[in-house]
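Peer 1: Read off the chains here:
Protein chains: 4
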Amino acid sequence: MAAGSSFGTLFRLSTFGESHGVAIGGVIDGVPSNIEIDIDLVQQELDKRKPGQSNLVTQRKESDSVVFLSGIFEGKTTGSPIGFMIQNENQKSKDYSHIKDVYRPSHADYVYTQKYGNRDYRGGGRSSARETASRVVAGSIAKQVLKQFQIEFITFVDQVGNVALNKEELKCLDLSLIESNPVRCPDQDKAKLMEQLILKIKKEGDTIGGTIRCIINNIPVGLGEPVFERLNAQLAKAMFSINAVKGFEIGSGFGSVTMKGSEHNDLFNVDGSTKSNNSGGIQGGISNGMPIEMRVAFKPVATVIQKQDALNGDGEIVEMMGKGRHDPCVVPRAVPIVEAMAAMVILDNYLMYKAYT
Amino acid sequence: MAAGSSFGTLFRLSTFGESHGVAIGGVIDGVPSNIEIDIDLVQQELDKRKPGQSNLVTQRKESDSVVFLSGIFEGKTTGSPIGFMIQNENQKSKDYSHIKDVYRPSHADYVYTQKYGNRDYRGGGRSSARETASRVVAGSIAKQVLKQFQIEFITFVDQVGNVALNKEELKCLDLSLIESNPVRCPDQDKAKLMEQLILKIKKEGDTIGGTIRCIINNIPVGLGEPVFERLNAQLAKAMFSINAVKGFEIGSGFGSVTMKGSEHNDLFNVDGSTKSNNSGGIQGGISNGMPIEMRVAFKPVATVIQKQDALNGDGEIVEMMGKGRHDPCVVPRAVPIVEAMAAMVILDNYLMYKAYT
Amino acid sequence: MAAGSSFGTLFRLSTFGESHGVAIGGVIDGVPSNIEIDIDLVQQELDKRKPGQSNLVTQRKESDSVVFLSGIFEGKTTGSPIGFMIQNENQKSKDYSHIKDVYRPSHADYVYTQKYGNRDYRGGGRSSARETASRVVAGSIAKQVLKQFQIEFITFVDQVGNVALNKEELKCLDLSLIESNPVRCPDQDKAKLMEQLILKIKKEGDTIGGTIRCIINNIPVGLGEPVFERLNAQLAKAMFSINAVKGFEIGSGFGSVTMKGSEHNDLFNVDGSTKSNNSGGIQGGISNGMPIEMRVAFKPVATVIQKQDALNGDGEIVEMMGKGRHDPCVVPRAVPIVEAMAAMVILDNYLMYKAYT
Amino acid sequence: MAAGSSFGTLFRLSTFGESHGVAIGGVIDGVPSNIEIDIDLVQQELDKRKPGQSNLVTQRKESDSVVFLSGIFEGKTTGSPIGFMIQNENQKSKDYSHIKDVYRPSHADYVYTQKYGNRDYRGGGRSSARETASRVVAGSIAKQVLKQFQIEFITFVDQVGNVALNKEELKCLDLSLIESNPVRCPDQDKAKLMEQLILKIKKEGDTIGGTIRCIINNIPVGLGEPVFERLNAQLAKAMFSINAVKGFEIGSGFGSVTMKGSEHNDLFNVDGSTKSNNSGGIQGGISNGMPIEMRVAFKPVATVIQKQDALNGDGEIVEMMGKGRHDPCVVPRAVPIVEAMAAMVILDNYLMYKAYT
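Residue numbers (my numbering), protein chains in the order written: chain B, 1 to 357; chain V, 1 to 357; chain E, 1 to 357; chain Z, 1 to 357.
Just so you know, these hints were derived from the structure itself, not from any lab.
Worth double-checking, as some hints may not be accurate.
You can't tell identical chains apart in this list, so a pair holds if it fits in one copy or across any two.
As the list claims (entries may be wrong) - Below, computed lysine to any residue pairings styled on SDA-like, alpha-carbon distance capped at 25 Å:
1) 354 x 149
2) 61 x 35
3) 323 x 262
4) 76 x 87
5) 147 x 357
6) 203 x 269
7) 203 x 353
8) 167 x 54
9) 203 x 43
10) 203 x 104
11) 76 x 354
12) 354 x 37
13) 354 x 152
14) 100 x 273
15) 76 x 128
16) 307 x 63
17) 354 x 144
18) 167 x 182
19) 167 x 41
20) 354 x 289
21) 48 x 162
22) 275 x 320
23) 100 x 215
24) 323 x 121
25) 171 x 197
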């Protein structure tokens, strides 16, 4: 896929919109017909990504109300593309006047300006994570389709800075707790610690990284295509298309490096399931029926409310002070985005799978 | 891209071939014309991936001689697709008779059989890493094109099991040493330790994981497309399309999770370069002119020469004993594959970049 | 491209919207940056396609006002995708109540219902030619980009029913006359005859077919990719994606069948141009620098204001009477659509061409 | 699809090879598994395209023996890509020495040289119709898959120069006669006249055009995707990707232009079939269950054995005399190519259709 704003082959999302333009939105093509769509559910997913939802996230105010323009008729998908739009309400461009001529460190300002020969200084323009709201819409549609096949997604924060769920905690998670705290971590004690860490970092005008874990249950055996369209490869691309992602691993991940084959191998049960799941549900690029398990690493957000050196358009180093309303830690709001990207990949591959069965 | 055996958009490789069929090979399309091709160089790259090259790798004998069938005329690319073929010489199918009816743990046997309803038991068929030889051919062609623009690739092993290059060692690498040892590690002392570890593991009939680091120099600012075709997303997919890959990170990677924004940000120099490179040469999905740095984690090979439980076609657990000639550690031979995939991604994006400049 | 609502590779349009939904619109991706966009010009193109523009076309009232949502900043393209929307104002769904349970002959009702298992009876839903308004928007953007390279499009009606421009008339066209008559034919006498024919047919409650000719000037040598992405193949697909198209020919077209090679061959001038242009500007699938010339055949519109047998959902033949406000002849309004599709193909290939030069 | 040597999305062919290189061939990806493949049948299709098969075609000698390299195991498709190769045996490059520095009129020499900056003068290189042999292989595989669903193809010559089957003859064809004469026309009298015409033209050292008709039976309702991936649009592109094609029409085609809607409309039978088939089996871009009917126009071959002006590399007009062994009329050999392209399109869409049902 050449120009970069489309994702997927059979189920495909094309997005448009800048952080501070009129609206963002997209076209979702390849949606199976006659699926009941609960629009409230879509809005609930958007609300998880929305700014201003808690004191852990940016206080920018956007209601992020999605409007559907096509493809849904009398409550069901028609099979035609779903067009949708989210108005940008709070276009406080003045917040950004201080960076109009400045390339912020570790932001995309510099590369976009070099690549396109212009500067949309309004809050990052197209490079802003605001675009990901469109993905949450498409992901929610994908999940509502997949629910018909019992495929379910569980996504949560498992690390913020040095506060991480350990192996024991990961084994006995109470997933109903994910939405019970603003961090979206299913362990209340660790969630508390993460929350405290984020608030401390926020007070410093600084930011901190984190990781998100996503588990997909009830996947049939056989999703994913060999060689270049391995399911893990598609998931890796999907996750790395999210702003601020620096790492991705599946199953045993980087931990597999120090393991021996004899301990890493997942031995079979008689029904084809396996006793362990180091494979993370994918073998040879194809789902093996076990839960798909992946982990995504997010860097600390680049905008800090501290003095920093920046580069201006005249090639001078200037001191700048971050302003505006930014996130001290991106992972709580990134949970629905990770889940949305995973859902789009799975539905695309599910349709592909059906083409051959 | 739906069916899975093609990679790339403008520069595109389509491969064919099973481990123990007549031949493997492929079609490379979108090659710029009038590029001098050094066929010996292609063969040298293949030799780095070849079985039997040292006592650290499988002793299977394959000369892996590439034959070009089209697209090169009088020593130069014509602009037409390059067809090529590598004969499978050593098709010792009898080596595999013991697994004909058995699904090996953590191999693709089970999922392929479920997906396709048949079994090509000869050494893994299409799921075998033998297919990657075709990628090395295409990658070598890509590198020869990119050399014209001074773009260079440095790829080496930086960890085997617990033996890893530390930060200090990574800072003062002598890259000329990479090919001086069979592990392909540019630090002689660590290389020795890695070698010893692999031989010890081999003796146990076991296998071990490792990581590969790839650095790309002299990349212009502006490669990669926003949103879904970020350069890092494309690289992630490329790497996860390689057999046995479990993790991928770019720049600071998983290490960024515990960093603060104020320390993670890469401050600019006046020429637009940056003082640090936590971004790994990619900002907002687009190359920023700094070296691109990535790291790929490989699991321990699943075939161990030990007794293991496996599943047979009748749904019974049976004891099997790995046989054949397999790799105790995959990373030394995976170095040219990682580099090939990186080169294909970069050339594809370089052509895309040229379309708009 | 699998799901069907996207067109193009480097320059790509994705559309959404049904005839009687909230809105139609789309996303245009891969637009070169820093191109000045004259929005009035886009609207003028839309007005040529608009219903109600003359007594030769449907009297349905739609202002067809395009709203741009992204990708244009301070009057210029930013390089980010252009999102746009056209509200559906006149959603007279009651006009269609008489066909709610009826499959009209030679309409898409039947196949859509069979394919999707549902019925959007409101004026054809997604199969309505209303969707083509989005193409006119994208085509106008493409033309504004191509104007920078002097590439120009001339498109007109050259046949309605049996009234056709003859070879002599085609040689001495006054192209400034195209917009001087409601038929969009650059020969005033023939335009008059065409107009009379259409009005006569309209009075009968019937419809009639026609053809459109499109000429593209100042194309450089080298656009189009060999074998499957021939420029003529891409144009053929583009034209056949328009509603009601039944035939396409390039250069000498079907007329070449009765010619000998010795008379059909286009002999060279010393500058590489040719004395004749039977090739229609494309040789071996690649532009040869001569004007690209093509011709598109449109069938008579299926909706006639006469009694006709139709099929209902219970499998019974029922008599129906066409109602609503339909076109007696589609070609006058199809002129901007043909031109838009041609422009999108040319820009896509121009970008591809630049990738390799 | 950017680079031009691949065709199809789910079922996809990628080809390589020049007229006088080592070999031509390709990779067929997305083949359903467990389909029995009759290799003799593939070879028989190739033999219909082969040079030297009768006195109506070029006398160049090529056995065109296909060798399969992968994807077929124990007589059945495995689901892995099918690699194949056809050696170029008769590489009489000396035949072409007279055109080494000359651009032949209405050949691709000039545009390829301009596009790629080089010249593969050996018989047209990549622009030669020799490449189409690879399509016949893939088309034959596609037909063997589609035969399982009773989908059948009937393809024949219906016009050579001015000798055309008339409406009456088209109604009472004896399709078993197609292969009974070297022209591949199912009407013996007309076949005789066509044969005589071709031989007369050949004697003159000249060439003549023709048309091929292709009918596809037993297509289910619902193949093809709305808007840009209409089945007719895909077929149009497929046909225009064949060398020498100048026109394409579906159903009533150009003839529809002079018809009224009231006579053109296909009235329904109670089972959803239609009394007439002006739609050519496709309505709104989607198959309606009636036979798909299309017609493809081929120009007279450009190589004539007569003196002609040509252009040389120094920009001079020079007289040249066609030599070599060329076809006086391309349609008899093009029959299997047209059928192959149609089969690939149908299978691709059939798989797509299955993805949603």
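Peer 1: With reference to the structure, classify each hint as holding or not holding.
Peer 2: Hints versus structure:
Taking the shortest alpha-carbon separations for residue 354 and residue 149, both the intra-copy value of 12 Å and the inter-copy value of 17 Å come in at or below 25 Å. Taking the shortest alpha-carbon separations for residue 61 and residue 35, neither the intra-copy value of 32 Å nor the inter-copy value of 33 Å comes in at or below 25 Å. Taking identical chains as interchangeable, the C-alpha atoms of residue 323 and residue 262 lie at most 25 Å apart only when they sit on different chains, with a minimum of 14 Å there against 53 Å within one chain. In the homo-oligomer, the alpha carbons of residue 76 and residue 87 lie at most 25 Å apart both inside one protomer (24 Å) and across protomers (21 Å), since each shortest distance falls under that limit.
Taking identical chains as interchangeable, the C-alpha atoms of residue 147 and residue 357 lie at most 25 Å apart whether they share a chain (20 Å) or sit on different chains (17 Å). When the C-alpha separation of residue 203 and residue 269 is checked against a cutoff of 25 Å, the pair qualifies neither within a copy, at 51 Å, nor between copies, at 29 Å. When the C-alpha separation of residue 203 and residue 353 is checked against a cutoff of 25 Å, the pair qualifies neither within a copy, at 49 Å, nor between copies, at 42 Å. For the homomeric pair residue 167 and residue 54, neither the shortest alpha-carbon distance inside one copy (28 Å) nor that between copies (38 Å) is at most 25 Å.
Proximity of residue 203 to residue 43 under the C-alpha cut-off of 25 Å is found in neither arrangement, the shortest distances being 31 Å within a copy and 51 Å between copies. Taking identical chains as interchangeable, the C-alpha atoms of residue 203 and residue 104 lie at most 25 Å apart only when both belong to the same chain, with a minimum of 21 Å there against 54 Å between chains. Taking the closest pair of Cα atoms, residue 76 and residue 354 come within 25 Å of each other both inside a single copy (21 Å) and across two copies (21 Å). In this assembly of identical chains, residue 354 and residue 37 lie within 25 Å of each other by CA distance both inside one copy and across copies; the values are 21 Å within and 23 Å between.
Taking the shortest Cα distances, residue 354 and residue 152 sit within 25 Å of each other both inside one copy (18 Å) and across copies (23 Å). Taking CA atoms no more than 25 Å apart as the test, residue 100 paired with residue 273 passes between copies only; the shortest distance there is 20 Å, against 56 Å inside one copy. In this assembly of identical chains, residue 76 and residue 128 lie within 25 Å of each other by CA distance solely across copies; the values are 20 Å between and 32 Å within a copy. Taking the closest pair of Cα atoms, residue 307 and residue 63 never come within 25 Å of each other, the shortest separation being 31 Å inside a single copy and 52 Å across copies.
Taking identical chains as interchangeable, the C-alpha atoms of residue 354 and residue 144 lie at most 25 Å apart whether they share a chain (17 Å) or sit on different chains (20 Å). Taking CA atoms no more than 25 Å apart as the test, residue 167 paired with residue 182 passes inside one copy only; the shortest distance there is 22 Å, against 36 Å between copies. Neither within a single protomer nor between protomers do residue 167 and residue 41 lie at most 25 Å apart by alpha-carbon distance, with minima of 32 Å and 47 Å respectively. For a Cα distance limit of 25 Å, the shortest separation of residue 354 from residue 289 qualifies both inside one copy, at 16 Å, and across copies, at 22 Å.
In this assembly of identical chains, the alpha carbons of residue 48 and residue 162 lie at most 25 Å apart only when taken from the same copy (24 Å versus 40 Å across copies). Taking the closest pair of Cα atoms, residue 275 and residue 320 come within 25 Å of each other only across two copies (17 Å); inside a single copy the shortest separation is 54 Å, beyond that limit. Neither within a single protomer nor between protomers do residue 100 and residue 215 lie at most 25 Å apart by alpha-carbon distance, with minima of 41 Å and 33 Å respectively. Taking the shortest Cα distances, residue 323 and residue 121 sit within 25 Å of each other inside one copy (14 Å), while across copies they are farther apart (52 Å).
In this assembly of identical chains, residue 171 and residue 197 lie within 25 Å of each other by CA distance solely inside one copy; the values are 24 Å within and 32 Å between copies.
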